[in-house]
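Visitor: Residues per chain, in single letters:
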Amino acid sequence: MRLGAWTETVSRKVAAIRFSELQIRTQYLLHVLTVTAAVGLTGSAASASDADRGALVYKKCRACHELGAGAKNGVGPHLDGLFGRTAGTLEGFKYSSALKKKGEEGLVWDETSLDAYLEKPRGFVPGTRMSFLGLKKAEDRADLITYLKQSTEAAPSDEANAPETDARPEIGAAAMALEGDIAYGEYLATECVTCHQTSGRADGIPSIVGWPKDAFIRALFEYKVNLRTNQVMQNMTVNMGNEEIAALAAYYGSLEPQ
Amino acid sequence: MTKLTRRSFGLLAGAGAATLAMPFYARAAGKPRAVVIGGGAGGATAARYLAKDGGDDLDVTLIEANSTYTTCFFSNLYIGGYRSYESITHSYDKLASNYGITVVNGMAAMVDRDAKEVIMADGSKVPYDRLVVAPGIDLIYDSVQGYSEEAAQIMPHSWKAGPQTQLLKSKLDALENGQNIVMVAPPNPYRCPPGPYERVSMFAHVLNEKGFTDSKIFVIDPKPKFSKQALFQEGWNKHYAGMIEWYGPDVHGGIVGVDPSTGEVETDLDTFQGDLVNVIPAQKAGMIAQKAGLTNDSGFCPIDPKSMRSQNDENIFVIGDACIAGDMPKSGFSANSQAKVAAMAIRGDLTGSRVFPAKYSNTCWSLIETNDGVKVGAQYAPTEEKIASTSKFISQTGEDTALRQQTYEESVGWYNGITADIFGA
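Read top to bottom, the protein sequences are chains A and B. Okay, so the first sequence: first residue is 1 according to my numbering, each after it adds one. Okay, so the second sequence: first residue is 1 according to my numbering, each after it adds one.
Hints are computed from structural coordinates only; laboratory data are not their basis. Ideal placement from N, C-alpha and C gives every residue a C-beta, glycine not left out. There could be a bad hint or two in this list.
Said to hold, decoys possible - Here chain B is said to cover these stretches of chain A; the calculated rule only asks that three of the stretch's residues, wherever they fall, bring their Cβ under 8 Å from a Cβ of chain B:
(1) 58 to 65
(2) 110 to 117
(3) 173 to 187
(4) 223 to 234
Stated by the list, open to error - Calculated lysine-lysine pairs in the DSBU-like style (CA-CA distance at most 30 Å, straight line):
(5) B:238 with A:136
(6) B:386 with B:225
(7) A:94 with B:94
(8) A:100 with B:94
(9) B:52 with A:94
(10) B:210 with A:136
(11) A:100 with A:224
(12) A:224 with B:392
(13) A:136 with A:94
(14) B:359 with A:224
(15) A:101 with B:392
(16) A:100 with B:52
(17) B:359 with A:101
(18) B:359 with B:392
(19) B:386 with A:224
(20) B:238 with A:137
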């Protein structure tokens, strides 16, 4: 389809976007190396390849979840000991009240419940803070669950939560070193709250309430330098400096999810 | 709670209120009073932030003629059959019960700026120390020859959400195959720049779903171009090929007038006939702004870009569609953004609280077809002259369907967030 004067830049822009997407995806995957132990893949040949595929699916989860020996809570709870655990009960993690309630009502994580949750988290647990749309393909979910079953047996770290500074290559280090001004953050957040609700609800836009400070700061810098692509977020962060980002991290981190 | 306000600091220091120096207006008889006229995206947000952040230091009153508020934003999605009317209609109950705002359900008729009182239609008076005027727009019916408030019952504008929106929806749903729609689009400046074209998309979606291949939609536009034009035209060609015809002034040569009795829209080029005619006339600030002497020749209200304070009265702030906001479009998002700056300035005036440099933002999402959403937005900061854009973005033609779906889903998340921010959670 050709629309004359309005499309003379389309093919150029589309090509540019596709190239930069490739760059961004590569850089982002390199950037979010998690501290995970080497995963031992045991079992039969058939389940080994399921688990391999599952490990690939798991890449979508690594930005928020850790597993393996020494795993800690971050944006999301660590997943060690997941199978058989009552939902919303991991020590030291700020769950949404919706998920805690499900746990109180008897939700335990196993193959069946995880399959339902991972298909559409917000459908299975309305009010969850987990900002993930879901895995549509049953095979992806099955492979992921196989991988998780094999990878979540290890002992987690003694510290419940990720330390303030960790070993990752640091983007936003200067902001992380600052003591964020919560009142300034609250003021700046007036621009954010229409999308990122202070209640912590995620209705199509990720929840950012109660995040560890470093993860929050890292995310904003990733938008700022175009590692993560979202036009609204790039626009929001382009004029933010270290003070502003530290202030926002302090403010949103101080909120309790509802 | 980690928030440290002057009030809590004073309590911590063991000091009573009297020891905190207040070098601005202090009422002998009670707390300083902030009054808001208009309970829409701007006014309700201003009232909520004044009450939420001012706490016990401020007396906040919200004056609104309607008992509920139907959002103009997302009203097109109701027209398109994606949302129910109830889901876009909100009550003021939480503002009253959770924030201690006095909600006055009535019409403000006049503002006595010398006495600093709002005079209600029933004659009662609401005194203020600071006033927020957020009346939205009024329609200039006779900007389209043959159009009037009465004619709007036959040819709805539906540019104020509520019964007009329901009327438009019922007329749309009553159409049969082969019957046409004509829209007369508005001239600049008007509220919601992409709104008419999202609405055209929603009309087309409904007709398409019903298989009405013989029906057409004619858009007669006084403007040579419109917001997100490339994106809409790409979408219309993709989803509704052949159904929508957009006529700019170069082609139609000028809008002569409309005839509600025949459904005709006459232009220099030709006369278009519609079984549904949606006329969106020119607009101006809501009447109370004009009556209060806050408007200029443009029909809208000049303000100080750094605070939203009226240029005509230092005790009055004008926000939302009624004000002249520089590069910011007239949108619910903008009104909500401006309300927060105004509330911060008023609290600074009345309670001495911290006032940060003003920042504003806006994002407008439009739905073209199911899961095909686009957006445009910007950040703004005040200059001496106006509120100016500092950075912006817009969706691109040729984006993949996954991104367009994500854009739509973002808008759904935003709607929940902003209505919680306006009406309380």
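Visitor: Could you run down the list of hints and mark each one as holding or not?
Guide: Going through the hints against the structure:
1. 58 to 65: Per the Cβ count (0), the hint is violated.
2. 110 to 117: violated (count 0)
3. 173 to 187: The restraint on the region 173 to 187 of chain A holds, since 5 of its residues have a Cβ under 8 Å from chain B and three suffice.
4. 223 to 234: holds (count 3)
5. B:238 with A:136: 26 Å, holds
6. B:386 with B:225: With Cα atoms ~24 Å apart, residue 386 (chain B) and residue 225 (chain B) stay inside 30 Å; holds.
7. A:94 with B:94: Judged against 30 Å, a Cα distance of about 27 Å means the pair holds.
8. A:100 with B:94: OK: residue 100 (chain A) and residue 94 (chain B) at ~26 Å, within 30 Å.
9. B:52 with A:94: 25 Å, holds
10. B:210 with A:136: 29 Å, holds
11. A:100 with A:224: 34 Å, violated
12. A:224 with B:392: 14 Å, holds
13. A:136 with A:94: Status holds; Cα separation ~27 Å.
14. B:359 with A:224: OK: residue 359 (chain B) and residue 224 (chain A) at ~18 Å, within 30 Å.
15. A:101 with B:392: 41 Å, violated
16. A:100 with B:52: Roughly 28 Å between the alpha carbons, so the hint for residue 100 (chain A) and residue 52 (chain B) holds.
17. B:359 with A:101: It is violated: about 39 Å lies between the C-alpha atoms, which goes past 30 Å.
18. B:359 with B:392: 14 Å, holds
19. B:386 with A:224: 26 Å, holds
20. B:238 with A:137: With Cα atoms ~28 Å apart, residue 238 (chain B) and residue 137 (chain A) stay inside 30 Å; holds.
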